[in-house]
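Protein chains in written order, with this note's numbering: chain A, 1 to 320; chain B, 1001 to 1320.
What the hints contain is simulated information worked out from the structure, not anything from laboratory work.
Since we're looking at a predicted model, the values are computed, not measured.
Fair warning: there could be bad hints in the mix.
[Unchecked claim] DEER-style ranges, computed between Cβ atoms: (1) Gln1152/B - Glu123/A: 34 to 44 Å; (2) Glu227/A - Arg1013/B: 32 to 42 Å; (3) Gly1074/B - Gly158/A: 17 to 27 Å; (4) Ser1250/B - Val292/A: 43 to 53 Å; (5) Cys239/A - Val1015/B: 43 to 53 Å; (6) Gln1152/B - Ala285/A: 54 to 64 Å.
[Said to hold, decoys possible] Below, computed lysine-lysine pairings styled on DSSO-like, alpha-carbon distance capped at 27 Å: (7) Lys1092/B - Lys213/A; (8) Lys92/A - Lys69/A; (9) Lys1213/B - Lys92/A.
[As the list claims (entries may be wrong)] Derived, one-sided and incomplete: chain B residues facing chain A with beta-carbon distance under 7 Å: (10) Pro1251; (11) Ile1264; (12) Thr1265; (13) Ser1293; (14) Val1295; (15) Ser1297.
Even for Gly, the Cβ is constructed at its ideal location relative to N, Cα and C.
Number of protein chains: 2
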Amino acid sequence: MRALVMGAGGQLRLVTGLPRPVIGEGQALIRVTMAGICSTDLEIAKGYMGFDGVLGHEFVGVVEDAPGKPAMVGERVVGEINIPCRSCPMCKAGRGNHCPARSVLGIVGKDGAFADHLTLPVENLHQVPDNVSDQAAVFTEPLAAAFRILEQVDIQPGMRVAVLGVGRLGQLVVRVLVAAGVDVTSIGRSREKLGLLEGVSTTTALESEIAGKALYDVVVDSTGAPEGLARAMELVHPCGTIILKTTVASPAILDTNRLVIDEITLIGSRCGPFAKALRALAEGAVDPAPLVSAVMSLDQAEEAMRIAAMPGAIKVLLHV
Amino acid sequence: MRALVMGAGGQLRLVTGLPRPVIGEGQALIRVTMAGICSTDLEIAKGYMGFDGVLGHEFVGVVEDAPGKPAMVGERVVGEINIPCRSCPMCKAGRGNHCPARSVLGIVGKDGAFADHLTLPVENLHQVPDNVSDQAAVFTEPLAAAFRILEQVDIQPGMRVAVLGVGRLGQLVVRVLVAAGVDVTSIGRSREKLGLLEGVSTTTALESEIAGKALYDVVVDSTGAPEGLARAMELVHPCGTIILKTTVASPAILDTNRLVIDEITLIGSRCGPFAKALRALAEGAVDPAPLVSAVMSLDQAEEAMRIAAMPGAIKVLLHV
Chain A
1 MRALVMGAGG
11 QLRLVTGLPR
21 PVIGEGQALI
31 RVTMAGICST
41 DLEIAKGYMG
51 FDGVLGHEFV
61 GVVEDAPGKP
71 AMVGERVVGE
81 INIPCRSCPM
91 CKAGRGNHCP
101 ARSVLGIVGK
111 DGAFADHLTL
121 PVENLHQVPD
131 NVSDQAAVFT
141 EPLAAAFRIL
151 EQVDIQPGMR
161 VAVLGVGRLG
171 QLVVRVLVAA
181 GVDVTSIGRS
191 REKLGLLEGV
201 STTTALESEI
211 AGKALYDVVV
221 DSTGAPEGLA
231 RAMELVHPCG
241 TIILKTTVAS
251 PAILDTNRLV
261 IDEITLIGSR
271 CGPFAKALRA
281 LAEGAVDPAP
291 LVSAVMSLDQ
301 AEEAMRIAAM
311 PGAIKVLLHV
Chain B
1001 MRALVMGAGG
1011 QLRLVTGLPR
1021 PVIGEGQALI
1031 RVTMAGICST
1041 DLEIAKGYMG
1051 FDGVLGHEFV
1061 GVVEDAPGKP
1071 AMVGERVVGE
1081 INIPCRSCPM
1091 CKAGRGNHCP
1101 ARSVLGIVGK
1111 DGAFADHLTL
1121 PVENLHQVPD
1131 NVSDQAAVFT
1141 EPLAAAFRIL
1151 EQVDIQPGMR
1161 VAVLGVGRLG
1171 QLVVRVLVAA
1181 GVDVTSIGRS
1191 REKLGLLEGV
1201 STTTALESEI
1211 AGKALYDVVV
1221 DSTGAPEGLA
1231 RAMELVHPCG
1241 TIILKTTVAS
1251 PAILDTNRLV
1261 IDEITLIGSR
1271 CGPFAKALRA
1281 LAEGAVDPAP
1291 LVSAVMSLDQ
1301 AEEAMRIAAM
1311 PGAIKVLLHV
């Protein structure tokens, strides 16, 4: 099969003629039909996480083989990316996403989705409703990550909420919060990306236009940049909350005095509920269609990664 | 009167012959009987907060004059240090401690407690129960700051909790958590300071002896050092919470990847409930007596600040 492989030496290369992955116990073999390039993939390509193997973790595909669950064969599915051990205390506490022994599709110790085939435990798979296209379903994983915010913060009516950074993830975060009835200000550095929010009930603003400080009760940092946290710290109100979605290769500087004196809460936020994301797509509560910058063949995966890294790009999809 | 004054040029000096502070509307004049030196005072003496004026914010004293409330004259009192405007949205939301126009006793725009007299709004004052000595009552302010943690984090039975740093504030934090029934590990760098916890139901450990990582569900950083946060990040478990009590003149480096991937919550924590602190002292639930390193006269205030800054010192008190 074909796959975009991150070599141990750090070089990214489309490889052909690879064997299909072997189905482990409790796993299914999935033929990938579409995959999405995420900022994390771009960071991994720069060396973040020290990953080597097949890149990619956002996908939709069709179950080709599931020895333990033959009824699943032929189902169109998306898949949760964390593969927990299911026996440690963290797993038994229902927090398998934080299992210390977990592997993570295309990120930690597990070949990913920029390939003709992948394997995942059948427990990780969610059937895609018929009315959700592949081009929408491929957004399930990042959309679930956006829904995670609503599990972590109790956003009350009247709260002032800002999403800082309207790139790949920020665009979805805005849509999820607006769909939940939250009054959101979307702050970005590019008029083009802010323009993608036309039709979404959010106030938009260029970051350079925000002169005030301490304006928002909740600030989501989805900038994907190490300096995003410092800007979020300026924008958050005393006793407010910052949700940090940004993972980057370099650490950030934190004004701990501001955090303590103004009793700010900073919450790290990662993976979220697939079921809620699929429901939002099926009901049309979130429409990711405007976010597709390009659809390219897996054969063009190297070029697709370059395009995804360009400033204007939002979501570059690979059809497989 | 006498007062330890931080000059605009940054020099700290005991000044005599100063006029008594003028009683503003709604304020009382308090004759200070005892005051405590806090880490924040030592940081201010180094230039933190850019404060000039009379230093000091931990005190107990006697009301000498209270034009609007004459019945208070003669009462032994402690005082909350934040002086809010009482009219802005933050004040109306009951968060006067975060009023953007507030002054703070001995810290922001308001002469403090290392003096013969100070003034505070009568609303800030709490009468000290008869069975609480001056040497205990002077701990009310930092003890309230320790109680603040229990307002911010819901510590459940079975949770593993560590207090990192057992200096001035950490000693009180340990005692407050233990009194609340929490299973606390107290981690310090000095055997002497850990020894002060004898008789308190806590496990003690030298920081250098803690080899593992991700051991605690809740970590309180009361190190007072910029590197405390990084150590707390090592010690906290995935999905855990760090309470940050440390304010220092320099910012900290934060491993935001760890925060995001392990969905850690970081909460800034400052001032707390005086009523709870006074009750704990009156009931003997917390005994601060072992924490008194020295009691010196206000006349020796400059020397007392030097002693308080020494590595072995916990609380240096000034009798006035």
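Going through the hints against the structure:
no.: 1; hint: Gln1152/B - Glu123/A: 34 to 44 Å; result: 36 Å, holds
no.: 2; hint: Glu227/A - Arg1013/B: 32 to 42 Å; result: 41 Å, holds
no.: 3; hint: Gly1074/B - Gly158/A: 17 to 27 Å; result: 45 Å, violated
no.: 4; hint: Ser1250/B - Val292/A: 43 to 53 Å; result: 45 Å, holds
no.: 5; hint: Cys239/A - Val1015/B: 43 to 53 Å; result: 37 Å, violated
no.: 6; hint: Gln1152/B - Ala285/A: 54 to 64 Å; result: 33 Å, violated
no.: 7; hint: Lys1092/B - Lys213/A; result: 20 Å, holds
no.: 8; hint: Lys92/A - Lys69/A; result: 23 Å, holds
no.: 9; hint: Lys1213/B - Lys92/A; result: 20 Å, holds
no.: 10; hint: Pro1251; result: 5 Å, holds
no.: 11; hint: Ile1264; result: 5 Å, holds
no.: 12; hint: Thr1265; result: 5 Å, holds
no.: 13; hint: Ser1293; result: 24 Å, violated
no.: 14; hint: Val1295; result: 29 Å, violated
no.: 15; hint: Ser1297; result: 32 Å, violated
In this structure, the hints that do not hold are numbers 3, 5, 6, 13, 14 and 15, in rising order.
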